[in-house]
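Visitor: Protein chains in written order, with my numbering: chain A, 1 to 251; chain B, 1001 to 1251; chain C, 2001 to 2251; chain D, 3001 to 3251; chain E, 4001 to 4251; chain F, 5001 to 5251; chain G, 6001 to 6251; chain H, 7001 to 7251.
Keep in mind the hints are simulated off the structure, nothing from the lab.
For clarity, every value in this text was computed on a predicted model and none was experimentally measured.
Take the hints with a grain of salt, since some may be wrong.
[Claimed, not checked] Simulated pairs of lysine-lysine, BS3-like, Cα-Cα distance not exceeding 30 Å:
1. G:6096 to G:6150
2. H:7057 to B:1089
3. D:3057 to B:1089
4. G:6150 to E:4089
5. G:6121 to A:102
6. C:2057 to E:4057
7. E:4089 to C:2057
8. A:89 to C:2121
9. H:7121 to G:6121
10. G:6057 to A:89
11. B:1102 to D:3121
12. F:5089 to D:3057
13. E:4102 to C:2089
14. H:7089 to G:6150
15. D:3057 to F:5057
16. F:5102 to H:7089
17. H:7057 to F:5089
18. G:6089 to E:4057
19. D:3096 to D:3121
20. B:1095 to A:121
21. F:5102 to D:3089
22. C:2057 to C:2150
23. H:7102 to B:1057
24. C:2096 to A:89
25. A:150 to A:57
26. C:2121 to D:3057
27. B:1089 to H:7121
28. A:150 to B:1089
29. A:57 to C:2121
8 protein chains.
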Amino acid sequence: MNQSDLLKILESVKAGVLAPGEAIERLKHLPFEDLGFAKIDHHRALRQGFAEVIFGKGKTPQQVAAIVRAMLRQKDSRHNILVTRASAKLFAPVKKLNRAAKFHALSGLITIERSAEITGKGTILVASAGTSDIPVAEEAVVTAEVMGNKVEHFYDVGVAGIHRLLAHSEALMRARVVIVCAGMEGALPSVVGGLLRVPVVAVPTSVGYGASFDGLAALLGMLNSCASNVSVVNIDNGFGAAYVASMINRL
Amino acid sequence: MNQSDLLKILESVKAGVLAPGEAIERLKHLPFEDLGFAKIDHHRALRQGFAEVIFGKGKTPQQVAAIVRAMLRQKDSRHNILVTRASAKLFAPVKKLNRAAKFHALSGLITIERSAEITGKGTILVASAGTSDIPVAEEAVVTAEVMGNKVEHFYDVGVAGIHRLLAHSEALMRARVVIVCAGMEGALPSVVGGLLRVPVVAVPTSVGYGASFDGLAALLGMLNSCASNVSVVNIDNGFGAAYVASMINRL
Amino acid sequence: MNQSDLLKILESVKAGVLAPGEAIERLKHLPFEDLGFAKIDHHRALRQGFAEVIFGKGKTPQQVAAIVRAMLRQKDSRHNILVTRASAKLFAPVKKLNRAAKFHALSGLITIERSAEITGKGTILVASAGTSDIPVAEEAVVTAEVMGNKVEHFYDVGVAGIHRLLAHSEALMRARVVIVCAGMEGALPSVVGGLLRVPVVAVPTSVGYGASFDGLAALLGMLNSCASNVSVVNIDNGFGAAYVASMINRL
Amino acid sequence: MNQSDLLKILESVKAGVLAPGEAIERLKHLPFEDLGFAKIDHHRALRQGFAEVIFGKGKTPQQVAAIVRAMLRQKDSRHNILVTRASAKLFAPVKKLNRAAKFHALSGLITIERSAEITGKGTILVASAGTSDIPVAEEAVVTAEVMGNKVEHFYDVGVAGIHRLLAHSEALMRARVVIVCAGMEGALPSVVGGLLRVPVVAVPTSVGYGASFDGLAALLGMLNSCASNVSVVNIDNGFGAAYVASMINRL
Amino acid sequence: MNQSDLLKILESVKAGVLAPGEAIERLKHLPFEDLGFAKIDHHRALRQGFAEVIFGKGKTPQQVAAIVRAMLRQKDSRHNILVTRASAKLFAPVKKLNRAAKFHALSGLITIERSAEITGKGTILVASAGTSDIPVAEEAVVTAEVMGNKVEHFYDVGVAGIHRLLAHSEALMRARVVIVCAGMEGALPSVVGGLLRVPVVAVPTSVGYGASFDGLAALLGMLNSCASNVSVVNIDNGFGAAYVASMINRL
Amino acid sequence: MNQSDLLKILESVKAGVLAPGEAIERLKHLPFEDLGFAKIDHHRALRQGFAEVIFGKGKTPQQVAAIVRAMLRQKDSRHNILVTRASAKLFAPVKKLNRAAKFHALSGLITIERSAEITGKGTILVASAGTSDIPVAEEAVVTAEVMGNKVEHFYDVGVAGIHRLLAHSEALMRARVVIVCAGMEGALPSVVGGLLRVPVVAVPTSVGYGASFDGLAALLGMLNSCASNVSVVNIDNGFGAAYVASMINRL
Amino acid sequence: MNQSDLLKILESVKAGVLAPGEAIERLKHLPFEDLGFAKIDHHRALRQGFAEVIFGKGKTPQQVAAIVRAMLRQKDSRHNILVTRASAKLFAPVKKLNRAAKFHALSGLITIERSAEITGKGTILVASAGTSDIPVAEEAVVTAEVMGNKVEHFYDVGVAGIHRLLAHSEALMRARVVIVCAGMEGALPSVVGGLLRVPVVAVPTSVGYGASFDGLAALLGMLNSCASNVSVVNIDNGFGAAYVASMINRL
Amino acid sequence: MNQSDLLKILESVKAGVLAPGEAIERLKHLPFEDLGFAKIDHHRALRQGFAEVIFGKGKTPQQVAAIVRAMLRQKDSRHNILVTRASAKLFAPVKKLNRAAKFHALSGLITIERSAEITGKGTILVASAGTSDIPVAEEAVVTAEVMGNKVEHFYDVGVAGIHRLLAHSEALMRARVVIVCAGMEGALPSVVGGLLRVPVVAVPTSVGYGASFDGLAALLGMLNSCASNVSVVNIDNGFGAAYVASMINRL
């Protein structure tokens, strides 16, 4: 159910086709579907413009499949379905539910694309500081695409070879929102942020060793960025960055 | 110098009024002005649509005044001037430079408003969880206003009395970007984020005591928000949140 | 041995059936049974109204079995037996000792139910923020039941979809004590606490990744809760929360 | 407004004295009073059985006075008023509002007692490990009293002289809830918890130096207590412990 | 070579049997034996009264065997040989070098006993708070024995059942030095320390979960002990505690 | 009351001069004296061979004076009195109670010497790595002296100029116990420990800046010392080190 | 391409053999080679005098092989090739590309030596505190050799047996730069630094357990070194230390 | 005493002017001068080529003056004298000792220049990311000068305006060693390091707020630098960076 579906209900009320009480009942019963171990927030599509996303980690394959099945049953919804932090094991039963289901091994995402409509107004650019940051960057790329955005990306443009970044200035200038993934010292968002006049969403990655403390160094670096147009999401949270970027890109 | 100024230079070149070499010279000498202890990035207005902001903490009154003076000298710029983390002591010499200079004691900002033009496309809403978070929220409000946005705010709507937040749902729905300031457990952005389909910029504050560890608890809470449309800035960084929100609101 | 057993001893003394010295001897020799590697505190049932609970982690199957055997030998005790942080490997030899022994794979508990008496005065409600928090919540549910309480639960009611929680308000109002399990930002106890006039025991879980730091973010969030009726136990300590709740529910 | 006031409204409706619509209006408009910088949750007395408590830290004397004035205006409320983390400076304007206002210098509390009714069912016992923990313990004592409880206390019974604690066993056994305040290694709650069959609320204090890290050592110690009937509140949060204990004691 | 060997050399010099230059040469060449990857400090037996101890972790079986072989070659030494943090894999080649070699699986120690002389003046007592702390406690017991001490121990006497500890007061009073191993909140050393007038060496263990942070909670607790006769060694360092206790017990 | 006083009581019982019941009564009433805000553990002198030490920090001058007065009243005790973490303000009322009271400004100790008897068997050596560590080292020196030990010290022998330490080898060899105070990297105890065959008590100090994190770097360094005869006390806890050393030196 | 190659280009320009525009074009197109997942910075050899080093961790064998292949294709470069944090699995495809490829199992390095020229002016000395630190030390040794330096090393010279270090004073004095690897308390760089007048690069290692916190203790110790000629690299970063040392040794 | 002084002694021996025994005596008595509270390492000038530096923090003015006086007494030394972390209060008595004494208020250094000889072979460049980092940068500049180096500096060239740094490329290329001071995210050393082929010494500063945690963010960032020619010193340790750079520049 998307916002225009809600409009239809309200217009049916206005047109006298639907009794107000009945409309309220439909709305009241929509909010969520209770599977016992999970309550699927079908209403989220209405509130946020995208269906609830399934966090795969810590769930059994059975639980994930049951949730996906319930979401597929929502016939009037054409929203794409997304499972994050998934594995081949979680994917197996989902694959059986829908032929369009796809497992993105690099980023650990499962997607079921039911709509290919582009709803974002501009391009989201995803940049990564190193080759080892690519899994997180890919999580952002796939998420942003599945949420209806045009996405560009370039990888391995870390600050120790600043000319590699500058070579892409055209693409940088073209973007409406930029997502920057970096581990180790996490300095890339500051440099990118300083060059641009659009919002930069920074994703610290757990790439590194020793005093990177699994991404803490990059996280702190980004939170202290001297470029003011930078905001930050959780370590390795490529999904969250793409979600925020999608919200921005739909404005 | 704003982007249309740059256009004029380039058009003058096109029109043959300005020799290319001369145009390059003008552009080349613009980047920054070197005061020795500081290099003012006049070019930033061009790149980012807002003049460089002065971080007051750790600077002497003389240094701040010298930078402001140099910025005021840029005659062709109509950008507002902003000093953050300032004090009455830093304000004294600035006041003498320009009658429009204003010290916002609550938020520690100095502003010199040279343009009242609204350039943001929608409303930025600033919410705070408690009364004690107001100084940080005010830093966001003043910054967003000085950067050309229409701003609404409501304070003291923390999650322990969720009805206080819900009472403002109309204003929430109206906003194009929301800034949420919260200390202690920092839970408000998750609740607000779950209700809305616009980007939420979360600002952890250092309000609290004991295991709040000067805002660390709120920061970690926000980074782990189960609402996916939330991104985070540094502790007490109301300025940064407003800057990010302005970037978004201009899109 | 429970408190009424103690009463019987004392009454026997009063009735002249038992010599005081003999009574003291019996009490003196009761305190604990020494297995060398463990000292079973049989006296705890008297002091705390529940037999000593066995912490399985770090013990060998042989050690666990020996302790359970000693507890089963206490003929006059009808207290249920509980092993926490157990595994199938620890369960194997226990199963052989008593047919009622049961292994709860999800929560890692072993229980031997010898009494089904309800001693708690009201209902304990267990709520979890997400599906991934269920193992911890189940540890609380099973523990509370085995300690003689009526238990209700609902799962997946996190704050990003606040309507899912509100839909359960009736059950919330009915509870005498509430246990709330949440990972990530750990915000649910604050919202639940703000709605109720009963004690809320908060359990941070290690669900999350990156800056959740294995439950630290949720722990700090809960310790800083702006709802004042919230107290906190260790990360993933569903058992402890149920123990505290049982103590409260027996008052 | 307390729960019996609500009953009166509903009974008036039942008796036909009050129109349902009007009753709803009264309830709808009750929730909170908006002072701009603060929204007073008058409804909390109804939900939680105690009026909203004012967190003094970070508020100006004017703000605190305005909130207290608004609470005093609630004629139909007989709840006591409590300001925490207050100072003599915050107290000055409050004193002028009500002659019963009292400043507790040791614990930094301001109280206005409007009802001396005892609503707690048993005794709350407050124990402190050392003399230096007394300010925190006093915060718990005064809060528990102002919330309608009978309170006992004994101080300086730390675990390095265990006989000092044992000398008070009678009082310990008498208590319905126990609050234990301890800094340094925070071991006292474990010992007390092991002796009793009632809930123990542990308050880590910032007493200590060096590796006490302002109460962190005590906090971690208490969270890892081997006594299972212990739950924990924030460092130095005597108020919160008393609030939780009051909730329990009213059951 | 022990201190009396050194005496013999010096006496030979005094008696004119050994030329001073030759004595110096012998002493000069003693300090250590260079195996390339390791420099065995044979001189340590002289300086510290016990041969160098081999830290097994991070060494290959070949390296450990080579070091042990070199130590066995020191014919004039009768010191026992000790390898800590060892595994069955490290033990295999050592076993072949000497029939007296013994692997203590619980504590991960390898010992080669060449002398059973008791050099410690009193008894070293080793106590553990829980059954799960036994591996660390055993590391202390075996080390203390191999270093020539009479050792007593009792396990599972944690503070939540204080009577279990008090039941052993006689043994406690008898000890010349006490080693206390405890995980979780690490409170036992404070209670033991408060009862005794001898030095207590506290060993935090990594037993626990969640906010025990692998022994950090216990470590901080012990460092902040309110009993002043407590000093602390590294987490899980039963060996170090026994080494310190041996030094004390030889005085 | 010291151990020989206890002997006298028991001998009086044996000699029939004192009735057993009366002896028990005397012992029973000895344990502590309750001042309300403090319970003085007079029994500690018996258990630990030294009177209870007063931790000055967080106590008022009135509280400290009352405790000292109560201790002075114990006529049959000849133990010296010690107040740690004191200030000139705390000293003022103590000075009036006893002419022998002395304030050690450098170390913040107050002492009242009532006995100059040397009870320690050997010399305690106190070494500091730098001049800035002297206040902590002095706390150890004064405490050790007041507890009846012969004390030597040398300061500023840090490891960056190892010859300064070696120049004192004679004094090092002479000591029965060594206390080493060091801030910054805290390396000195490892070097000293490696040279000696006696116990070394290491005191990390908060000397340093930046990544010394107020003594944390030194603390961690000392806990990980590769010299096995080193145990550690809290940061800046010169008193505790001396207390442990005294316990050892009396053996 | 090395610096003399650049000289040739510039000299060709000077000699008129190469048109300036063409030279610029050649330089412009050199910077990096884009493999999609990686951008190889061939220009780095020019800027830094050594080809880009491949960080193996987090890369697939295919990715590593593709990068190595591209680097081998750079015919005019005679720089050695280095892959760090590699495994046997990463090595397999590289081995097939070039017969000179060598896998250093101990240090996890892959090297392809194409030049054996010594470009460093003096000797780099690598010292390790313990045998367990050797893998990190070997990473430094191999890196320094592959970068054209003469390298000496000695292992197991930790501060608890200071004479083992002093026995190597001659080698110490001979070195132009010293690299010191140490885990546990990380004290060796301070002692070495205090003895020498050359720069010391300190490498904390993750050797240790418990409160070594995977090298944090050693890291903090080294950052707080009281020897002023010490600078520090990341935990276990033997490669980085050798890189810095090479830079220094080429001066 | 510098190295050439040592040479003179040795040459005198060679020439027969000085008996070997007498030479040894002179050398033996040089090592340090004992002031009780401090041991001045006069020998350091010999070992390290620069006199011992006085760490002012935590020392009294009397102590600092006494040490300076002793150093001035060393007639044959022409080394400059340096006191770090000093204040006007510490300077007062030093000023009276020597007219050349100078207090650098910005950096808190006291210098007594006795030699203006340039001993460094190239230029040391000091760069700071922001104006607020200048005090730390100045500490580096003054220290490097006083140690005999030619120094250049430029300030306020942070990565958010990368063109400000690039404008100084000539000076960058000219430097033999570069010191980079940066707070907040500490990204500047990575960018500078990536551009150059000389060693970069990075100094994290405590500039920033919130999640900068007093320089921790910058420190971690620098330790994880993706530029391999970067090594790091303690937070705010401009002195240490200059010391390391001087050691390098003398090679």
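Visitor: Each hint should be assessed against the structure and marked as holding or not.
Guide: Results of checking the hints against the structure:
Pair hint residue 6096 of chain G plus residue 6150 of chain G holds up; C-alpha atoms about 29 Å apart against a cutoff of 30 Å. With a CA separation close to 28 Å, the supplied pair residue 7057 of chain H and residue 1089 of chain B stays within the 30 Å bound. As the CA atoms of residue 3057 of chain D and residue 1089 of chain B are separated by approximately 25 Å, the hinted pair is consistent with the 30 Å bound. Between residue 6150 of chain G and residue 4089 of chain E the CA atoms are separated by roughly 37 Å; this puts the pair beyond 30 Å, and the hint is violated.
Restraint check: the Cα-Cα separation between residue 6121 of chain G and residue 102 of chain A comes to about 57 Å, which exceeds 30 Å; the hinted pair is violated. For the proposed pair residue 2057 of chain C and residue 4057 of chain E, the alpha carbon gap of about 24 Å is at most 30 Å, so the pair holds. A C-alpha spacing of about 25 Å is found between residue 4089 of chain E and residue 2057 of chain C, which places the hinted pair at or below 30 Å, so the restraint holds. Using a Cα cut-off of 30 Å, the hinted pair residue 89 of chain A and residue 2121 of chain C is violated, with the two alpha carbons roughly 44 Å apart.
For the suggested pair residue 7121 of chain H and residue 6121 of chain G, the alpha carbons sit about 15 Å apart, so the restraint of at most 30 Å is met. Taking the CA atoms of residue 6057 of chain G and residue 89 of chain A, the gap is near 25 Å; set against the 30 Å cutoff, the hint holds. Under the criterion of a C-alpha separation no larger than 30 Å, the hint pairing residue 1102 of chain B with residue 3121 of chain D is inconsistent with the structure, at around 57 Å. The suggested pairing of residue 5089 of chain F with residue 3057 of chain D holds, with an alpha-carbon distance near 28 Å, which does not exceed 30 Å.
Annotation: proposed proximity of residue 4102 of chain E to residue 2089 of chain C holds, straight-line Cα distance about 28 Å (limit 30 Å). Note on residue 7089 of chain H and residue 6150 of chain G: the hinted pairing is violated, with a Cα-Cα distance of about 50 Å set against a maximum of 30 Å. At most 30 Å may separate the alpha-carbon atoms for a hinted pair to count; residue 3057 of chain D and residue 5057 of chain F meet this at roughly 24 Å. Distance check on the hinted pair: residue 5102 of chain F and residue 7089 of chain H sit about 28 Å apart at the alpha-carbon level, within 30 Å; holds.
Taking the CA atoms of residue 7057 of chain H and residue 5089 of chain F, the gap is about 25 Å. The hint holds against a cut of 30 Å. A threshold of 30 Å between alpha carbons decides the hint, and for residue 6089 of chain G with residue 4057 of chain E the separation of about 25 Å falls inside it, so the pair holds. Between the alpha carbons of residue 3096 of chain D and residue 3121 of chain D the distance comes to roughly 34 Å, so the proposed pair goes past 30 Å and is violated. Of the pairs offered as hints, the one joining residue 1095 of chain B and residue 121 of chain A is violated, with about 43 Å between alpha carbons and a cut-off of 30 Å exceeded.
Taking the CA atoms of residue 5102 of chain F and residue 3089 of chain D, the gap is near 37 Å; set against the 30 Å cutoff, the hint is violated. The suggested pairing of residue 2057 of chain C with residue 2150 of chain C holds, with an alpha-carbon distance near 28 Å, which does not exceed 30 Å. Proposed proximity of residue 7102 of chain H and residue 1057 of chain B is supported: the alpha carbons are some 27 Å apart, at most 30 Å. Note on residue 2096 of chain C and residue 89 of chain A: the hinted pairing is violated, with a Cα-Cα distance of about 34 Å set against a maximum of 30 Å.
As the CA atoms of residue 150 of chain A and residue 57 of chain A are separated by approximately 28 Å, the hinted pair is consistent with the 30 Å bound. A threshold of 30 Å between alpha carbons decides the hint, and for residue 2121 of chain C with residue 3057 of chain D the separation of about 39 Å lies outside it, so the pair is violated. Pair hint residue 1089 of chain B plus residue 7121 of chain H does not hold up; C-alpha atoms about 44 Å apart against a cutoff of 30 Å. At most 30 Å may separate the alpha-carbon atoms for a hinted pair to count; residue 150 of chain A and residue 1089 of chain B exceed this at roughly 50 Å.
Pair hint residue 57 of chain A plus residue 2121 of chain C does not hold up; C-alpha atoms about 37 Å apart against a cutoff of 30 Å.
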